[in-house]
Amino acid sequence: MKSTLSPFPSTRPRRQVLAILLCAASAAPGWAAPPDSKTLNIVGPWEVHSLEPSRNGYIFTRLQVAETLVTVDNQGALVPGLASGWEVSANQLSWRFTLRPGARFHDGTAVTAADTVAALERARKNPGVLANVPLQKISADKDVVVFALSRPFTPLPAFLVNYSTQILAPSAYGADGNVKAVVGTGPYKVTLAQPPQKVETARFDGWAGSKPAIEKVAYLAVGRGETRNLMATSGQADVVFTHDPANFDRLRANKTLTLQTQPIPRTVYIKVNAAHPALKDVATRRAMSLALDRVGMASAILHEPKAAATQLFPASMAEWHVPGLQPLTRDLSQARALLASAGWIPGPDGILRRDGKPFKVTLRTYADRPELPVLAAAIQAQLREVGIDMAVAIANSSEIPAGHKDGTLELALVARNYSLVPDPVGTLLEDFGPSGGDWGAMGWASASLRDAISALSSTYDGQRRSRQRGAIATVIQADLPVIPVAWYQHSATSHRRMANVSFDPLEISYRITQMQWTR
Amino acid sequence: MNHRLGWCTVLVLLGYAWLAPVALSDPYQQDLSATLQAPSAQHWLGTDALGRSVLARLAEGIRVSLSLALGSALLSAVLGASLGVLAAWRKGWLARALQCLADTVMAMPGLLWVLLLSALAPGEKWPLYLGLVLTAWVEFYRTTRASVGALLAGPQVQSSRLLGFGTAYIVRHHLWPAVRANWLTLLAFAVCNGVLAVAAMGFVGIGLRPPGAELGVLMTEALPYSDDAPWLLAAPVLALLACVLALQAVTHEKDRA
Amino acid sequence: MGPLLRGVVRLALRAAAVGGIVGVVSFLLMRALPGDAAYRIAAGRYGYDMVNSAAAEAVRQELGLDRPWWVQLGAWMADLLQGRLGRSLVTGDAVLAELAHQWGHTLLLALAAWALALAMGLAGGSLVALARKAWLDRAMGSLGLALKATPTFVVGLVLAIVLAEWAQWLPAAGHGGPEHLVLPGLALALGLAAGLGLVTLHSMRQVLASPSVAFAQTKGLPPTAVMCRHVLRNAAVPVVAYAGTQLVLLMEGVVVVESFFAWPGVGHALIHALVARDIPMVQGTALCMGWLFVLLNSAVDGLCWLLDPRLQHQEAP
Chain A
42 MKSTLSPFPS
52 TRPRRQVLAI
62 LLCAASAAPG
72 WAAPPDSKTL
82 NIVGPWEVHS
92 LEPSRNGYIF
102 TRLQVAETLV
112 TVDNQGALVP
122 GLASGWEVSA
132 NQLSWRFTLR
142 PGARFHDGTA
152 VTAADTVAAL
162 ERARKNPGVL
172 ANVPLQKISA
182 DKDVVVFALS
192 RPFTPLPAFL
202 VNYSTQILAP
212 SAYGADGNVK
222 AVVGTGPYKV
232 TLAQPPQKVE
242 TARFDGWAGS
252 KPAIEKVAYL
262 AVGRGETRNL
272 MATSGQADVV
282 FTHDPANFDR
292 LRANKTLTLQ
302 TQPIPRTVYI
312 KVNAAHPALK
322 DVATRRAMSL
332 ALDRVGMASA
342 ILHEPKAAAT
352 QLFPASMAEW
362 HVPGLQPLTR
372 DLSQARALLA
382 SAGWIPGPDG
392 ILRRDGKPFK
402 VTLRTYADRP
412 ELPVLAAAIQ
422 AQLREVGIDM
432 AVAIANSSEI
442 PAGHKDGTLE
452 LALVARNYSL
462 VPDPVGTLLE
472 DFGPSGGDWG
482 AMGWASASLR
492 DAISALSSTY
502 DGQRRSRQRG
512 AIATVIQADL
522 PVIPVAWYQH
532 SATSHRRMAN
542 VSFDPLEISY
552 RITQMQWTR
Chain B
10 MNHRLGWCTV
20 LVLLGYAWLA
30 PVALSDPYQQ
40 DLSATLQAPS
50 AQHWLGTDAL
60 GRSVLARLAE
70 GIRVSLSLAL
80 GSALLSAVLG
90 ASLGVLAAWR
100 KGWLARALQC
110 LADTVMAMPG
120 LLWVLLLSAL
130 APGEKWPLYL
140 GLVLTAWVEF
150 YRTTRASVGA
160 LLAGPQVQSS
170 RLLGFGTAYI
180 VRHHLWPAVR
190 ANWLTLLAFA
200 VCNGVLAVAA
210 MGFVGIGLRP
220 PGAELGVLMT
230 EALPYSDDAP
240 WLLAAPVLAL
250 LACVLALQAV
260 THEKDRA
Chain C
31 MGPLLRGVVR
41 LALRAAAVGG
51 IVGVVSFLLM
61 RALPGDAAYR
71 IAAGRYGYDM
81 VNSAAAEAVR
91 QELGLDRPWW
101 VQLGAWMADL
111 LQGRLGRSLV
121 TGDAVLAELA
131 HQWGHTLLLA
141 LAAWALALAM
151 GLAGGSLVAL
161 ARKAWLDRAM
171 GSLGLALKAT
181 PTFVVGLVLA
191 IVLAEWAQWL
201 PAAGHGGPEH
211 LVLPGLALAL
221 GLAAGLGLVT
231 LHSMRQVLAS
241 PSVAFAQTKG
251 LPPTAVMCRH
261 VLRNAAVPVV
271 AYAGTQLVLL
281 MEGVVVVESF
291 FAWPGVGHAL
301 IHALVARDIP
311 MVQGTALCMG
321 WLFVLLNSAV
331 DGLCWLLDPR
341 LQHQEAP
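Chains as they are written, first to last, in our numbering: chain A, 42 to 560; chain B, 10 to 266; chain C, 31 to 347.
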């Protein structure tokens, strides 16, 4: 039975509805009010889960809220931070760091050596870089912090740049010993800490140095690359860190943004279990290295052909990169020849076999760095061409040290940070220790490498240091306990309303105090 | 989309997905010098970020997604319907226990079940199957139980019983025709939901291992290139749309006037 | 017992059953996950640059992860009965506090999306039903299906590109003001609105063709009265019931949308907790989700019962 109701009761409501919609639409641009011109909006992928210095402390040192005893300048050289200077005793076993006179915490109290020692002792107890320092005792002597070592250790000042050694006030810790507020000594103080995503800071009036131009800072953690991209191109954020290389062309074409990419001391390499029966021959490892199309991967995936690794350390690490070293290249015929010399024979399906067993391995990697899974897929296809059947497992990053510990790890693709402390020796000590390292060598040891690293950490002689660095690079290039793939590129964009924005390749500070507004 | 067009689309998609390994190039063949190419004569749908042919990869993606979704949907449909018939027939404590089980399963959002189970064996297919089946069977169970319950108490079944016909006859001639329409519609829904759920898993990061292709993984991989290479994202999205619309058309009853 | 008391008792029983089963099952599932929990928690705390065996051992000692599983489960249940949900293994904060913070955001997003979806779906469906043009019906059917079939993150991406990047009307991500709610809410709402619109269309058409409406018109009632008193109320019942079932989809879509738009809610935290093996957080989230469902489903049942007088006079099954 058809109803006789007219399509719409009357035309009046329709006109009213249309009028409301038009008003809403024209008011819409007003919703997205331009960001508060006094607040700097920074976006990065790192979430702040805890205020504890050993965990997410890097956010607070980068935002220049907390300071460490030593820091670096724009060229990467060590300069005084919370310490105004340091000296080492003649026997190299005692270091004295003098605190900056007039330094104050954000709660108004003066910085004392006792507070500093307490913070450093706390850093020692928690996981951090200080575990690799042969420390015997840290003590306070008026306004000087004294480190007593058990053996000479030249990179100590570099170790004190690491964020886990940041100095917080006694009032920062609650009754249960956990950090309840980040009360540091830097030019900015925390006004809002909303884990896991937001941290807001404002200028600290008691800062003795020159007053920074930026008054307020808001940091937002955004995990997905596409979203960070949108925040840059839509102008919602002033500075955005870590872009997906896939978006580089688009960002460069955008007139409102400046994209800066630069190589950083972070290398992508394949960690090899050299105790695995298939991987223990040097010839096999060299063949795998020769099968990799590094230039292709660097161009297609990282969008920077120069990022193809020719050795472990990138060209930007001038002291560690050895120019004369035979570069790692691609040569499929030589790779096949090396594999044949190691006893591998291709089977009917193209997969290599030795003693009846196929060459089948698994590569573990993690998705925290978005390029790694894509690189892993490319490496899988390249190794297949020479007959190696490699499966890729994308897991949590912790499965790599776990696999190292229980021996189940075969291959792993990692992006290793050589600027945990400004001196790569810090990372090398951990990666190439006596029994290898969770992120470094596995089932492989070299006496000459170990000697070179320990010599580096105990001598000041420039020429000797240079020789040791060369030796380290050469041994790794020849034996390939880790197979370098690419050198990492750091990327960041800044909006044109910012001036004087530079990015720290060591990722220690955002250099907010140097930034300025253009209008 | 009408009935005939729906069937055509389904057949075309199935043919494309299952015949591709024979007719098209290798979906895993990479060519790092020819990445992100636009559709051309050589590559009908262009190439992706690693230089693989999108046409071949899409076929593989459709095959994996559809087999996962179809498999789990059929399994949950059969399971749910059987349990529904059982509950409606037997009544008593069995029905109450099943109702309680259904309530508990529905108490947690399906995605949580799939997430937890997929995290059990990342990269494998069986947890996805299990999770999808676990969340989908309840709808079938409920609808079947409701309609069968009414039917079993009705005069047709009673007279059939009195005439001496057995269980199999009743199921085939009374229950199935009444339940069929709803069941097929729900099946279509379950397949669509299955594909979408697996795509969401791929987005969140608990998808198949590389180089495996599946519609969700294809979409997630294409997201960063949405500006430079929109065809990368458009291809799997349109394929998914075509699947869903075709399934809806195929199972939709001839519409009332 | 009156129907109201019966409803409340049923609600309480369901909540208790949900609590027990969900808690135990999620605990067992998390225990069965491959990989070492101590390592994963250490990675969650210290990041992939600093996680190593020493850090994992320290975590294991600190959290007592080497106690037998039944001891850990018993401790969790004891805490639960005292109203504590434990402490997050990654951040160390009380789970209850973190959940409250996250749930506020998720509820806000979910309710905003639901309201938007209801408004768009009801308005769209009613208008199309009243227009009574066959091509419009078919167009709406196809559009609705297309929207439902598109994954939420694709919808979110398109919306973000159009509204945030090209038009620059709205911020792309983050939270804090009502303008941050629009994009994620819309992304969630569009899929739901499609379904609701189709159901409204179907229901309205049925009611408009029903004898009671024809009789009301024959009686001489003005069109507005016919609409309000007869059409809307009758059409509302199946729509409300359907809207209730959509809450499930909403909760699931929230996970994807929160991840995409960096919205600090439960879905976002759940993914992180799953990856980091933060067992108390996963348990707490699963529990709250379960209870929320029971609550919302009972609310929808109650709403249907209020709207439809026939249910009020029925015997309880």
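It is worth saying that the hints were derived from the structure and are not from the lab. The beta carbon of each residue, even a glycine, is placed where N, CA and C say it ideally should be. Mixed in with the good hints, there may be bad ones.
[Unchecked claim] Computed footprint of chain C on chain A; a stretch qualifies when at least three of its residues, placed anywhere within it, have a C-beta under 8 Å from a C-beta of chain C: (1) 150 to 160; (2) 168 to 176; (3) 294 to 302; (4) 388 to 397; (5) 458 to 471.
Structure-based check of each hint:
With 0 residues having a beta carbon nearer than 8 Å to a beta carbon of chain C, the stretch 150 to 160 of chain A misses the requirement of three or more and the stated coverage is violated. Closer than 8 Å: that is the beta-carbon criterion, and the stretch 168 to 176 of chain A has 3 residues meeting it against chain C, so the requirement of 3 holds. Using a Cβ-Cβ cut-off of 8 Å, 0 residues of the stretch 294 to 302 of chain A lie near chain C, which falls short of the minimum of three, so the contact claim is violated. For the stretch 388 to 397 of chain A, the assignment as covered by chain C is violated, since 0 residues bring a beta-carbon within under 8 Å of that chain's beta-carbons and 3 are needed.
Counting residues of the stretch 458 to 471 of chain A whose beta carbon lies closer than 8 Å to any beta carbon of chain C gives 3, which meets the minimum of three for the stated coverage.
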